[in-house]
Amino acid sequence: MSFSHPRAPRAIYVPPGAGLSRWVFGDRYTIKADVHTTNGALGLMEGIVPPGGGPPPHIHHKEDEAFYLLEGELELLNGDRKLTAEAGSFVFVPHGTVHGFTNVSDQPCKMLIMFLPGGVEQFFAEVGTPADEDTPPPPPEQYESDVANAMRIVEKYGATYV
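Quick note on the working numbering: the sequence shown kicks off at -7 and runs consecutively.
Simulated from the structure, these hints should not be mistaken for laboratory data.
Note that this is a predicted model, so its numbers are computed, not measured.
Ideal Cβ positions, reconstructed from N, Cα and C, are used throughout, including at glycine.
A couple of the hints might just be wrong.
Derived SDA-like pairs (lysine to any residue); straight-line CA-CA distance at most 20 Å [claimed, not checked]:
| id | residue 1 | residue 2 |
| --- | --- | --- |
| 1 | LYS102 | PRO128 |
| 2 | LYS102 | GLY18 |
| 3 | LYS24 | LEU104 |
| 4 | LYS74 | LYS24 |
| 5 | LYS102 | GLU38 |
| 6 | LYS102 | ASP72 |
| 7 | LYS24 | PRO43 |
| 8 | LYS54 | VAL27 |
| 9 | LYS74 | GLY88 |
| 10 | LYS102 | PRO7 |
| 11 | LYS148 | GLU118 |
| 12 | LYS74 | ASP56 |
| 13 | LYS54 | ASN70 |
| 14 | LYS54 | PRO128 |
| 15 | LYS54 | ARG144 |
| 16 | LYS24 | GLN114 |
| 17 | LYS102 | GLY92 |
| 18 | LYS74 | GLY92 |
| 19 | LYS54 | GLU147 |
| 20 | LYS24 | ASP126 |
| 21 | LYS102 | LEU75 |
| 22 | LYS24 | VAL6 |
| 23 | LYS148 | VAL27 |
| 24 | LYS102 | PRO122 |
| 25 | LYS102 | ALA79 |
| 26 | LYS24 | ASP56 |
| 27 | LYS24 | LEU34 |
| 28 | LYS24 | PRO8 |
| 29 | LYS102 | ALA25 |
| 30 | LYS54 | ALA151 |
| 31 | LYS102 | THR127 |
| 32 | LYS102 | THR22 |
Per label pair, the in silico range of CB-to-CB distance [as the list claims (entries may be wrong)]:
| id | residue 1 | residue 2 | range |
| --- | --- | --- | --- |
| 33 | GLU125 | VAL154 | 32 to 40 Å |
| 34 | GLN134 | ARG2 | 33 to 41 Å |
| 35 | PRO86 | GLU125 | 30 to 38 Å |
| 36 | GLU67 | HIS87 | 20 to 28 Å |
| 37 | LYS102 | PRO122 | 16 to 24 Å |
| 38 | GLU63 | PRO109 | 21 to 29 Å |
| 39 | TYR153 | ASP126 | 27 to 35 Å |
| 40 | ASP72 | GLU125 | 35 to 43 Å |
Using the sequences and the hints, build the whole thing.
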């Protein structure tokens, strides 16, 4: 007699260029792992933030968030202070902390964003517009529409904008 666990562990592989991509706040976010593929453990996204881009300040009430900058430079809001992070920097934001970021350089910033536990990455899938490889960025006025849509649904994902 053999016993098989209903959710036997297995590795997740997401090849380069794969994952659900969305334009949100003028940034391009690609979900690489989500609450469903990791059994709730985490959500992981690749973010490409153009110069001047980034979300408004906000708070995650249930998830911790971590950033690893691959390219570029970001100004990060951490509570009531700002810090500058450059490529190779890691930032951990515990849940309940006011935070946000802005690309302060003249080049796009590329980073990995992790949510622990997973779930809030689904916000990006819901609020964003498709960002396939050949989809151009939205016009700058889309930012205000994204903020309005985000305000409408953000509490569903356990977050608030400040």
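Could you work out which earlier hints the structure fails to respect and list their numbers in ascending sequence? 4, 6, 7, 14
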